[in-house]
Amino acid sequence: GDKVKQSPSALSLQEGTNSALRCNFSIAATTVQWFLQNPRGSLMNLFYLVPGTKENGRLKSAFDSKESYSTLHIRDAQLEDSGTYFCAAGDDTNAYKVIFGKGTHLHVLP
Amino acid sequence: GGIITQTPKFLIGQEGQKLTLKCQQNFNHDTMYWYRQDSGKGLRLIYYSITENDLQKGDLSEGYDASREKKSSFSLTVTSAQKNEMAVFLCASSISGYEQYFGPGTRLTVL
Chain A
1 GDKVKQSPSA
11 LSLQEGTNSA
21 LRCNFSIAAT
31 TVQWFLQNPR
41 GSLMNLFYLV
51 PGTKENGRLK
61 SAFDSKESYS
71 TLHIRDAQLE
81 DSGTYFCAAG
91 DDTNAYKVIF
101 GKGTHLHVLP
Chain B
111 GGIITQTPKF
121 LIGQEGQKLT
131 LKCQQNFNHD
141 TMYWYRQDSG
151 KGLRLIYYSI
161 TENDLQKGDL
171 SEGYDASREK
181 KSSFSLTVTS
191 AQKNEMAVFL
201 CASSISGYEQ
211 YFGPGTRLTV
221 L
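Chains as they are written, first to last, in the working numbering: chain A, 1 to 110; chain B, 111 to 221.
Everything labelled a hint here was simulated from the structure, so no lab data went into it. Beta carbons are placed, not taken as given, at the ideal position from N, Cα and C, and that holds for glycine. Be aware that a few hints might be false.
Calculated Cβ distances over 10 Å to all of chain A for the following chain B residues [to be verified]:
1) Thr115
2) Gln127
3) Gly173
4) Thr189
5) Met196
6) Val198
7) Glu209
8) Phe212
9) Arg217
10) Leu218
With a cut-off of at most 20 Å between alpha-carbon atoms, the simulated EDC-like pairs for lysine to aspartate or glutamate come out as follows [claimed, not checked]:
11) Lys60/A x Asp81/A
12) Lys5/A x Glu172/B
13) Lys102/A x Asp148/B
14) Lys132/B x Glu172/B
15) Lys5/A x Asp164/B
16) Lys102/A x Asp164/B
17) Lys97/A x Asp175/B
18) Lys5/A x Asp148/B
19) Lys167/B x Asp92/A
20) Lys119/B x Asp140/B
21) Lys151/B x Asp2/A
22) Lys54/A x Glu209/B
23) Lys54/A x Asp81/A
24) Lys102/A x Asp76/A
25) Lys60/A x Glu80/A
26) Lys181/B x Asp140/B
27) Lys193/B x Asp148/B
28) Lys54/A x Asp140/B
29) Lys97/A x Glu172/B
30) Lys132/B x Glu195/B
31) Lys102/A x Glu179/B
32) Lys167/B x Asp148/B
33) Lys167/B x Asp91/A
34) Lys102/A x Glu162/B
35) Lys5/A x Asp64/A
36) Lys3/A x Asp148/B
37) Lys3/A x Asp169/B
38) Lys128/B x Glu195/B
39) Lys3/A x Glu15/A
40) Lys5/A x Glu67/A
With the hints as extra help, turn the sequences into a complete structure.
Set out below in structure tokens:
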């Protein structure tokens, strides 16, 4: 099975509403990165986390290594938040490698 | 700040052809990566390099070669392009396996 599972796989939101994306890990994840891939294919860095939480504007992320999951909360969704969100988990068996989830496709509706 | 550039942006090849993709970074990062992304899917690791002249195989290395000629550059070669293959190849770099930063990608189409 997938070592990094993202949910939901796709999501539509009305502009101005809130949502949460999730990654569950079946590996001993040591770090988590969250990215947004825009329609042109570029990957933007959102968060790099060790266990704990970080916040940046309307985005907030948490990583719980004991419960093996991470969340990304989007507050007051805007049209420019549309795209594909990926999480990537650092694996404790190799400090240089990360494992990507399959992504959550987010569509913010006007 | 820094930037990662990938060349070419678009690559069209013929079946059986050897194709080379290039990546340059000016972050002064020691570790560099090549990933493949198929349409609508996640990223899979092809090769990575911890330092100049080092090469490590990822999960998808069969059919590819890589070369880390110097700290700032990392090349990937498709040894024999497969007919109807379409994918995006993404290069990334990091400091010793910490936060990874990505280039804009090379889009491959094989006729």
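Right, here's what the structure says about each hint:
1. A cut-off of 10 Å between C-beta atoms confirms that Thr115/B is not in contact with chain A; the least separation is 12 Å.
2. Taking the minimum C-beta to C-beta distance to chain A, about 23 Å, the non-interface status of Gln127/B holds against the 10 Å cut.
3. Look at Gly173/B: its CB is around 19 Å from the nearest CB on chain A, clear of 10 Å, so calling it non-interface holds up.
4. The Cβ of Thr189/B sits about 23 Å from the closest Cβ of chain A, beyond the 10 Å cut-off, so the non-interface label holds.
5. Annotated as non-interface, Met196/B keeps its C-beta farther than 10 Å from every C-beta of chain A; the closest such distance is 13 Å.
6. For Val198/B, the non-interface assignment is contradicted: its Cβ lies about 6 Å from the closest Cβ of chain A, within the 10 Å cut-off.
7. Residue placement check: Glu209/B does not keep its beta carbon more than 10 Å from all beta carbons of chain A (closest about 4 Å).
8. Distance check for Phe212/B against chain A: the nearest CB is about 4 Å away, which does not clear 10 Å, and the non-interface claim fails.
9. With a closest Cβ-Cβ approach of about 8 Å to chain A, Arg217/B is found to fall inside the 10 Å limit, against its non-interface label.
10. At the 10 Å boundary, the C-beta of Leu218/B stays outside the reach of chain A, the nearest C-beta of that chain being 12 Å off.
11. Between Lys60/A and Asp81/A, the direct Cα distance comes to roughly 13 Å. Compliance with the 20 Å bound is thereby established for this hinted pair.
12. With a CA separation close to 25 Å, the supplied pair Lys5/A and Glu172/B exceeds the 20 Å bound.
13. Straight-line distance between C-alpha atoms of Lys102/A and Asp148/B comes to about 11 Å, which keeps the hinted pair within the 20 Å bound.
14. With a C-alpha separation of about 18 Å, the suggested pair Lys132/B and Glu172/B falls inside the 20 Å cut-off, and the hint holds.
15. Note on Lys5/A and Asp164/B: the hinted pairing is violated, with a Cα-Cα distance of about 31 Å set against a maximum of 20 Å.
16. With a CA separation close to 29 Å, the supplied pair Lys102/A and Asp164/B exceeds the 20 Å bound.
17. Distance restraint check for Lys97/A and Asp175/B: the Cα-Cα separation of roughly 18 Å lies within the 20 Å cut-off, and the hinted pair is therefore satisfied.
18. About 17 Å separates the Cα atoms of Lys5/A and Asp148/B, which keeps this hinted pair within 20 Å; it holds.
19. About 17 Å separates the Cα atoms of Lys167/B and Asp92/A, which keeps this hinted pair within 20 Å; it holds.
20. Taking the CA atoms of Lys119/B and Asp140/B, the gap is near 24 Å; set against the 20 Å cutoff, the hint is violated.
21. The hinted pair formed by Lys151/B and Asp2/A meets the criterion: a straight-line CA distance of about 13 Å does not exceed 20 Å.
22. A threshold of 20 Å between alpha carbons decides the hint, and for Lys54/A with Glu209/B the separation of about 15 Å falls inside it, so the pair holds.
23. Proximity of Lys54/A to Asp81/A is assessed by CA-CA distance (about 18 Å); at most 20 Å being required, the pair is judged to hold.
24. The hinted pair formed by Lys102/A and Asp76/A fails the criterion: a straight-line CA distance of about 25 Å is larger than 20 Å.
25. Proposed proximity of Lys60/A and Glu80/A is supported: the alpha carbons are some 17 Å apart, at most 20 Å.
26. For the given pair, Lys181/B sits about 6 Å from Asp140/B by alpha-carbon distance, which is consistent with the 20 Å threshold.
27. Of the supplied pair hints, the one linking Lys193/B and Asp148/B holds, its CA atoms being roughly 15 Å apart against a limit of 20 Å.
28. A distance of roughly 26 Å separates the Cα atoms of Lys54/A and Asp140/B; the hinted pair therefore is violated under the 20 Å criterion.
29. For the hint pairing Lys97/A with Glu172/B, the CA-to-CA distance comes to about 18 Å; that is within 20 Å, so the pair holds.
30. At most 20 Å may separate the alpha-carbon atoms for a hinted pair to count; Lys132/B and Glu195/B meet this at roughly 19 Å.
31. At most 20 Å may separate the alpha-carbon atoms for a hinted pair to count; Lys102/A and Glu179/B exceed this at roughly 32 Å.
32. Of the supplied pair hints, the one linking Lys167/B and Asp148/B holds, its CA atoms being roughly 19 Å apart against a limit of 20 Å.
33. For the hint pairing Lys167/B with Asp91/A, the CA-to-CA distance comes to about 16 Å; that is within 20 Å, so the pair holds.
34. Distance hint between Lys102/A and Glu162/B is unfulfilled; the C-alpha atoms sit about 31 Å from each other, more than 20 Å.
35. The hinted pair formed by Lys5/A and Asp64/A meets the criterion: a straight-line CA distance of about 15 Å does not exceed 20 Å.
36. Between the alpha carbons of Lys3/A and Asp148/B the distance comes to roughly 18 Å, so the proposed pair stays at or under 20 Å and holds.
37. A hinted pair counts as satisfied when its Cα atoms are at most 20 Å apart, and Lys3/A with Asp169/B qualifies at roughly 13 Å.
38. Pair hint Lys128/B plus Glu195/B holds up; C-alpha atoms about 13 Å apart against a cutoff of 20 Å.
39. Between Lys3/A and Glu15/A the alpha-carbon distance is near 32 Å, which puts this suggested pair outside the 20 Å criterion.
40. For the proposed pair Lys5/A and Glu67/A, the alpha carbon gap of about 14 Å is at most 20 Å, so the pair holds.
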